[in-house]
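If you read the protein sequences in the order shown, they are chains W and Y. As numbered in my numbering, residues 1 to 424 make up the first sequence, in order. As numbered in my numbering, residues 1 to 85 make up the second sequence, in order.
Hints should not be assumed to be uniformly reliable.
[Claimed, not checked] Calculated lysine-lysine pairs in the DSS-like style (CA-CA distance at most 27 Å, straight line):
| # | chain 1 | residue 1 | chain 2 | residue 2 |
| --- | --- | --- | --- | --- |
| 1 | W | 113 | Y | 41 |
| 2 | Y | 2 | Y | 71 |
| 3 | W | 7 | Y | 22 |
| 4 | W | 113 | Y | 9 |
| 5 | W | 23 | Y | 9 |
| 6 | Y | 9 | W | 210 |
| 7 | W | 113 | W | 55 |
| 8 | W | 199 | W | 146 |
| 9 | Y | 2 | W | 113 |
| 10 | W | 7 | Y | 79 |
| 11 | Y | 19 | W | 7 |
| 12 | W | 3 | Y | 22 |
| 13 | W | 23 | W | 3 |
| 14 | Y | 9 | W | 7 |
| 15 | W | 3 | Y | 9 |
| 16 | W | 199 | W | 54 |
| 17 | W | 250 | W | 199 |
| 18 | Y | 9 | W | 119 |
| 19 | Y | 71 | W | 55 |
| 20 | W | 301 | W | 199 |
| 21 | W | 199 | W | 55 |
| 22 | W | 250 | W | 410 |
| 23 | W | 282 | W | 230 |
| 24 | Y | 79 | Y | 22 |
| 25 | W | 55 | W | 414 |
| 26 | Y | 19 | Y | 9 |
| 27 | W | 27 | W | 3 |
| 28 | W | 301 | W | 210 |
| 29 | Y | 9 | W | 414 |
| 30 | Y | 2 | W | 391 |
| 31 | W | 113 | Y | 49 |
| 32 | W | 410 | W | 151 |
| 33 | Y | 9 | W | 27 |
| 34 | W | 122 | Y | 71 |
| 35 | W | 122 | Y | 41 |
[To be verified] Negatives, chain Y to chain W, calculated, CB over 10 Å:
| # | residue |
| --- | --- |
| 36 | 1 |
| 37 | 2 |
| 38 | 4 |
| 39 | 21 |
| 40 | 26 |
No lab work stands behind these hints, which were simulated from the structure alone. Yeah, the Cβ is synthetic: ideal placement off N, Cα and C, and Gly gets one too.
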Amino acid sequence: MAKIQDKILISRELKYQEMQFLKMSFKSVISVKANIPGENKQVNISYLLTNHFKKLIPLDMVLYSEYYDGYDGPYFLIGNNLEPKEVKMRLIAIEDHHELGRFIDLDVFDGNKMISRGKMRKCFVCERDAFFCIRENRHSLEEIQKIINDKVYNYFSRVTIEIVNDSIMHELNLHPKFGLVTPYSSGSHPDMNYELMVKAKDSILPFFKKMFSVGWSTEDPQTLFASIRKIGLNAEKEMNKVTDGVNAYKGLIFNLGILVTAYSYVLYNNVSIENVFQFIKKMTSELLMDYEKPDTSFGSKAYHLYGLTGARGEAYDGFPTVQKALDYLLDLSNESKLRTLVYLISASQDTVLLKRAGSIEDYRSVKQLFKNSLKNNLVDLEELNQLCIQKKLSFGGSADLLIMTLFLKKIGLKSNIHLQDHKQ
Amino acid sequence: MKIGIAGSKESNDCLVTVKESKTTNIIIDSIVAAFFYDQIKAVIEETLKELNIENVTVVVEDKGALDYTIKSRLVSAIKRMEKSV
Numbered sequence: 001m002a003k004i005q006d007k008i009l010i011s012r013e014l015k016y017q018e019m020q021f022l023k024m025s026f027k028s029v030i031s032v033k034a035n036i037p038g039e040n041k042q043v044n045i046s047y048l049l050t051n052h053f054k055k056l057i058p059l060d061m062v063l064y065s066e067y068y069d070g071y072d073g074p075y076f077l078i079g080n081n082l083e084p085k086e087v088k089m090r091l092i093a094i095e096d097h098h099e100l101g102r103f104i105d106l107d108v109f110d111g112n113k114m115i116s117r118g119k120m121r122k123c124f125v126c127e128r129d130a131f132f133c134i135r136e137n138r139h140s141l142e143e144i145q146k147i148i149n150d151k152v153y154n155y156f157s158r159v160t161i162e163i164v165n166d167s168i169m170h171e172l173n174l175h176p177k178f179g180l181v182t183p184y185s186s187g188s189h190p191d192m193n194y195e196l197m198v199k200a201k202d203s204i205l206p207f208f209k210k211m212f213s214v215g216w217s218t219e220d221p222q223t224l225f226a227s228i229r230k231i232g233l234n235a236e237k238e239m240n241k242v243t244d245g246v247n248a249y250k251g252l253i254f255n256l257g258i259l260v261t262a263y264s265y266v267l268y269n270n271v272s273i274e275n276v277f278q279f280i281k282k283m284t285s286e287l288l289m290d291y292e293k294p295d296t297s298f299g300s301k302a303y304h305l306y307g308l309t310g311a312r313g314e315a316y317d318g319f320p321t322v323q324k325a326l327d328y329l330l331d332l333s334n335e336s337k338l339r340t341l342v343y344l345i346s347a348s349q350d351t352v353l354l355k356r357a358g359s360i361e362d363y364r365s366v367k368q369l370f371k372n373s374l375k376n377n378l379v380d381l382e383e384l385n386q387l388c389i390q391k392k393l394s395f396g397g398s399a400d401l402l403i404m405t406l407f408l409k410k411i412g413l414k415s416n417i418h419l420q421d422h423k424q
Numbered sequence: 001m002k003i004g005i006a007g008s009k010e011s012n013d014c015l016v017t018v019k020e021s022k023t024t025n026i027i028i029d030s031i032v033a034a035f036f037y038d039q040i041k042a043v044i045e046e047t048l049k050e051l052n053i054e055n056v057t058v059v060v061e062d063k064g065a066l067d068y069t070i071k072s073r074l075v076s077a078i079k080r081m082e083k084s085v
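My request is simple: use the sequences and hints to build the entire structure.
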């Protein structure tokens, strides 16, 4: 058996030969590869960085692209017919401006050599030129790995929480909204207003960050749900403190908490985000057992009387309504968001709405109104809005699902169905 | 003429070319030559001695490879040279 170092060298040589081969067809050959020290190059962070930066390569540079994996770690080779020097300049800009750019090598091969960036890159740890520190073995592997892991985690955690914040604000700023709180109206919620919602949002953001951290660092997905449930309860407590007990985002803490945790887990473990729903099903497989426990909550009553599983059921099934809602959220325009919300109201199970509607018959007829509105291209929007406020209806559950749909859109999940019948 | 090539021009690697010649020559083109030329040359000389190889021209195009890598690339290049016709 060859030593691991030799296997890495063999793998690297094969890559070089592959680049020479591709050079016969393309003017420039780009290599996208994580810059990870140590003998094990096939670690989670390598895959994460390689995939992340592959997506940042401008499309005009990608005529051909192929993915490889081996002892030297995962990498992409990309071919195009642009001038190698110009390509290198643009890639240096990506490396230099991205917070994690130091951990990726975007090399350009011109047939004879890798185009040099002119200057040596700096060491991960200190300000010296990297090659000197490597040659002199100046820093321990553990020290370097810790720096890489921390920076990569901090980056993705921060970006994810920014997306959470953005998604909540996109929903909150939408107007009109059928009795939900907007910047101009408290709707059917006399105990709430815009400022209160913003305050509540700010109070729960740090808990989503904690959940992200749990998803990132947990190895056994079976334990995830129990861990974040505790964090969720603390989030609720904190929210109640700033809202004086008004339940602004309790449902959201539950739903989006599950989604953020699952997203973090699949991101770190190199599972494609399309599989996040499959993963959520696994993660929440014991959720409906809640209904077996003695429980006097309204949600429990709705389940036993009408078979409505509400928010729990939606999570348990891997958020099928949210997945379908992505088809309606074509962009982030007001119109798309409204249409998505109308869809969510018509299609989701909402036990809070059931409570406010008073009876299962009224609950169903409200849903039918929204279904009709969706069919008629939202012509009766203003009318619906008035009716909901008058009847004090609340669609908080659907608002939560809209926030989740926005989150999914922003992390790059695409709808897989083309909506012919709603474009007429 | 017998010739062998091994390695790559990637960062932290080197491309080593070995060919037969009347005397032994070592040519090093390294991005860290100003500081590590002697060290790289010593690795090559030691490796040639270990393998009992004389009268070859060794060209090393170094992109910041460590001694282990330089030695390993040189050994492969020599093996390939000996197999070549």
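Hint check:
Distance check on the hinted pair: residue 113 of chain W and residue 41 of chain Y sit about 22 Å apart at the alpha-carbon level, within 27 Å; holds. Straight-line distance between C-alpha atoms of residue 2 of chain Y and residue 71 of chain Y comes to about 20 Å, which keeps the hinted pair within the 27 Å bound. The straight-line distance between the Cα atoms of residue 7 of chain W and residue 22 of chain Y is roughly 34 Å, outside the 27 Å bound, and the hint therefore fails. Distance hint between residue 113 of chain W and residue 9 of chain Y is fulfilled; the C-alpha atoms sit about 6 Å from each other, no more than 27 Å.
This hinted pair checks out: residue 23 of chain W and residue 9 of chain Y have alpha carbons roughly 14 Å apart, not beyond 27 Å. Straight-line distance between C-alpha atoms of residue 9 of chain Y and residue 210 of chain W comes to about 43 Å, which puts the hinted pair past the 27 Å bound. For the hint pairing residue 113 of chain W with residue 55 of chain W, the CA-to-CA distance comes to about 25 Å; that is within 27 Å, so the pair holds. Distance hint between residue 199 of chain W and residue 146 of chain W is unfulfilled; the C-alpha atoms sit about 35 Å from each other, more than 27 Å.
Distance restraint check for residue 2 of chain Y and residue 113 of chain W: the Cα-Cα separation of roughly 24 Å lies within the 27 Å cut-off, and the hinted pair is therefore satisfied. Between residue 7 of chain W and residue 79 of chain Y, the direct Cα distance comes to roughly 17 Å. Compliance with the 27 Å bound is thereby established for this hinted pair. For the suggested pair residue 19 of chain Y and residue 7 of chain W, the alpha carbons sit about 25 Å apart, so the restraint of at most 27 Å is met. Between residue 3 of chain W and residue 22 of chain Y the alpha-carbon distance is near 35 Å, which puts this suggested pair outside the 27 Å criterion.
The suggested pairing of residue 23 of chain W with residue 3 of chain W is violated, with an alpha-carbon distance near 31 Å, which exceeds 27 Å. In summary, the hint linking residue 9 of chain Y to residue 7 of chain W is supported, as the alpha carbons are separated by about 17 Å, within the 27 Å threshold. Our distance criterion of 27 Å between C-alpha atoms is met by residue 3 of chain W and residue 9 of chain Y, whose separation comes to about 22 Å. Of the pairs offered as hints, the one joining residue 199 of chain W and residue 54 of chain W is violated, with about 38 Å between alpha carbons and a cut-off of 27 Å exceeded.
A threshold of 27 Å between alpha carbons decides the hint, and for residue 250 of chain W with residue 199 of chain W the separation of about 14 Å falls inside it, so the pair holds. Only pairs whose Cα atoms come within 27 Å are accepted, and residue 9 of chain Y paired with residue 119 of chain W is accepted, the gap being roughly 16 Å. Among the hinted pairs, residue 71 of chain Y with residue 55 of chain W is inconsistent with the structure: their alpha-carbon atoms are about 37 Å apart, more than 27 Å. About 31 Å separates the Cα atoms of residue 301 of chain W and residue 199 of chain W, which puts this hinted pair outside 27 Å; it is violated.
Between residue 199 of chain W and residue 55 of chain W, the direct Cα distance comes to roughly 35 Å. Violation of the 27 Å bound is thereby established for this hinted pair. For the hint linking residue 250 of chain W to residue 410 of chain W, the alpha-carbon distance of about 22 Å falls within 27 Å, and the restraint holds. Distance restraint check for residue 282 of chain W and residue 230 of chain W: the Cα-Cα separation of roughly 19 Å lies within the 27 Å cut-off, and the hinted pair is therefore satisfied. About 19 Å separates the Cα atoms of residue 79 of chain Y and residue 22 of chain Y, which keeps this hinted pair within 27 Å; it holds.
Between residue 55 of chain W and residue 414 of chain W the CA atoms are separated by roughly 15 Å; this keeps the pair inside 27 Å, and the hint holds. With a C-alpha separation of about 19 Å, the suggested pairing of residue 19 of chain Y with residue 9 of chain Y holds against the 27 Å cut-off. Of the supplied pair hints, the one linking residue 27 of chain W and residue 3 of chain W is violated, its CA atoms being roughly 36 Å apart against a limit of 27 Å. The suggested pairing of residue 301 of chain W with residue 210 of chain W is violated, with an alpha-carbon distance near 32 Å, which exceeds 27 Å.
Proposed proximity of residue 9 of chain Y and residue 414 of chain W is contradicted: the alpha carbons are some 39 Å apart, above 27 Å. With a CA separation close to 92 Å, the supplied pair residue 2 of chain Y and residue 391 of chain W exceeds the 27 Å bound. Between residue 113 of chain W and residue 49 of chain Y, the direct Cα distance comes to roughly 30 Å. Violation of the 27 Å bound is thereby established for this hinted pair. For the given pair, residue 410 of chain W sits about 22 Å from residue 151 of chain W by alpha-carbon distance, which is consistent with the 27 Å threshold.
A distance of roughly 17 Å separates the Cα atoms of residue 9 of chain Y and residue 27 of chain W; the hinted pair therefore holds under the 27 Å criterion. Restraint check for residue 122 of chain W and residue 71 of chain Y: the C-alpha separation of about 26 Å stays at or below 27 Å, so the hint holds. A distance of roughly 25 Å separates the Cα atoms of residue 122 of chain W and residue 41 of chain Y; the hinted pair therefore holds under the 27 Å criterion. Its beta-carbon lying about 21 Å from the closest one in chain W, residue 1 of chain Y satisfies the requirement of being farther than 10 Å from that chain.
The non-interface label for residue 2 of chain Y is consistent with chain W: the shortest C-beta to C-beta separation is roughly 20 Å, beyond 10 Å. Look at residue 4 of chain Y: its CB is around 13 Å from the nearest CB on chain W, clear of 10 Å, so calling it non-interface holds up. Remark: the non-interface label on residue 21 of chain Y is consistent with the geometry, its nearest Cβ contact in chain W lying 23 Å away (cut-off 10 Å). Interface exclusion of residue 26 of chain Y from chain W stands, the closest Cβ pair being 19 Å apart, more than 10 Å.
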